[in-house]
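Each chain, letter by letter, is given below.
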Amino acid sequence: DAGVIQSPRHEVTEMGQEVTLRCKPISGHNSLFWYRQTMMRGLELLIYFNNNVPIDDSGMPEDRFSAKMPNASFSTLKIQPSEPRDSAVYFCASSPRTNALGEQFFGPGTRLTVL
Amino acid sequence: GQQVMQIPQYQHVQEGEDFTTYCNSSTTLSNIQWYKQRPGGHPVFLIQLVKSGEVKKQKRLTFQFGEAKKNSSLHITATQTTDVGTYFCALEQGAQKLVFGQGTRLTINP
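Just so you know, the protein sequences line up as chains V and S, in that order. Going by the working numbering, the first sequence opens with residue 609, and the numbers climb by one from there. Going by the working numbering, the second sequence opens with residue 1365, and the numbers climb by one from there.
Just chain S, with the same shape it has in the complex:
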């Protein structure tokens, strides 16, 4: 099945700094989703990207899908303590099946 590599595994930043997590696949993806999981919580859907080169923004979050549809990134501008959590990319492996990356755990120094 498809494999996905997500980097970095951990990221610690000062509040106000930017943060980026990357998701890479060896194969072309039909689409990709991003989820956020707060400590002790459950994954919460953030966005789905479908088109090559697509860029979507949600307030301070910017999501990109690579031109070749093999990679994606999530960038947070000026992090806040509410951004703490683990960010997962998830790719489709057959209809409706999601394969999750290992996640990037973000911690923030206030």
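If we strip away everything but chain V, and leave its shape as in the complex, we get:
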């Protein structure tokens, strides 16, 4: 079975450009999470969805960040405009459970570099 799929795997862009990261969760999983990983701040939860509905976006750093989940098989994380401090690895994860903590399955990540 395919795991969580993320695209692109690498993205290099210039400051001020819009960046869109994409995620396809594991089929049948009802929860989707977006994380950011940096050396300084470690692995941080940005936002998560249950059944396509955003539940908690308190980790989203600024209004420049937005996330959507239009259906059960697709989610996007958008940064507009991007800044050099947004450079990080962005992971998407999914979980089959919505009402309790369980195993989260991470995608391979998108390495974003903003010049």
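It is possible that some hints are incorrect.
[Said to hold, decoys possible] With a cut-off of at most 35 Å between alpha-carbon atoms, the simulated DSBU-like pairs for lysine-lysine come out as follows:
id : chain 1 : residue 1 : chain 2 : residue 2
1  : V       : K676      : S       : K1400
2  : V       : K686      : S       : K1461
3  : S       : K1433     : S       : K1423
4  : V       : K686      : S       : K1433
Derived from the structure by calculation, the hints contain no laboratory data.
Following the hints, complete the assembly by docking chain S onto the known chain V.
Same frame as chain V, now just chain S:
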């Protein structure tokens, strides 16, 4: 929110030596998870501990949850080069929200 301290930050061992990483919280935890991330890879779930004093084993890995549910440890017996990576504990902060420790990066001299 809940904070978690994970120590040590780095550990270098000779192949065959044991390795332990510790995770400490100032508050009582409902449960704790452990993940492993290989260099250049993504976090992979290892285990979830729920009960006070719980001990679980996965081959050479032993996971413990403290009696007071404020700390946890991961011990690897006789490390192998395949054990290289960063080990994270993660604790629950509200339903489904995970707060990750800073991780312990394990390197091994073959």
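Here is how each hint holds up against the structure:
1. V:K676 <-> S:K1400: holds, 28 Å
2. V:K686 <-> S:K1461: holds, 21 Å
3. S:K1433 <-> S:K1423: Cα-Cα ~24 Å, so holds.
4. V:K686 <-> S:K1433: violated, 38 Å
Hint check: a violation occurs at hint 4 only; the rest are consistent with the structure.
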